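Engineer: Sequence:
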Amino acid sequence: MTCDVGAHTHLIGQLWKTYRWGNQIMTNGGSSMGFGIPSAIAAKLCCPDRQVACVTGDGGFLMMAGEMATAINLGTPVVFVILTDQNLQLIKIKQERKGFPQYGTRLFGDAYNPAHTYFGVPVLVAKDEETYRSALIKAFDMNAPVIVEAFVDPAEYDDLILKPHRVED
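Just add 1491 to wherever you are in the sequence shown, counting from 1, and you've got my numbering.
Hints may be right or wrong, so weigh each one.
Said to hold, decoys possible - Pairs of lysine-lysine, DSS-like flavour, derived with a Cα cap of 25 angstroms:
| no. | residue 1 | residue 2 |
| --- | --- | --- |
| 1 | K1508 | K1618 |
| 2 | K1629 | K1618 |
| 3 | K1508 | K1629 |
In short, the hints are calculated from the structure, not lab data. Bear in mind the structure is a predicted one, so any value in this text is a computation, not a measurement.
Taking the hints into account, I'd like the entire structure generated from these sequences.
Structural biologist: Here it is in structure tokens:
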């Protein structure tokens, strides 16, 4: 799994368990959004026998959406999970914490009418945990580049990012 930069990065870094070296690839420090998609394509090219998924927010996806054409052209069967909240949520949270007005964090999109394809890559929609699970299973079975667009409530991040998490073994 590759993880892009955004509010979800904190949760994946805190809660995701890996059981094998190299199972999770994510940036750190002064990271830039858009890392997840090209790193997932590269991971699949380097390890063609392993399943590869990318977790990105809708902001990170928009920065590298053109790479869907690369995935198609190279024939890399990667599952791209887009966590859609129509915000640059981590930036919004940081603005709020510093007392700044919200500026430039709202993304344009129609959550009620999601796309069926992006650059020829099919899109499976998930609006709850059950449809997310079935979309992931279907996506990996397709053996082609596939997008799973998972709609999330941006308010969920605010509390989750700030709460300390302890993962039990």
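Engineer: So, for every hint listed, does it hold in this structure?
Structural biologist: Consistency of the hints with the structure:
1. Between K1508 and K1618 the alpha-carbon distance is near 24 angstroms, which keeps this suggested pair within the 25 angstroms criterion.
2. The hinted pair formed by K1629 and K1618 meets the criterion: a straight-line CA distance of about 15 angstroms does not exceed 25 angstroms.
3. The hinted pair formed by K1508 and K1629 meets the criterion: a straight-line CA distance of about 23 angstroms does not exceed 25 angstroms.
Violated hints: none; the structure is consistent with every hint.
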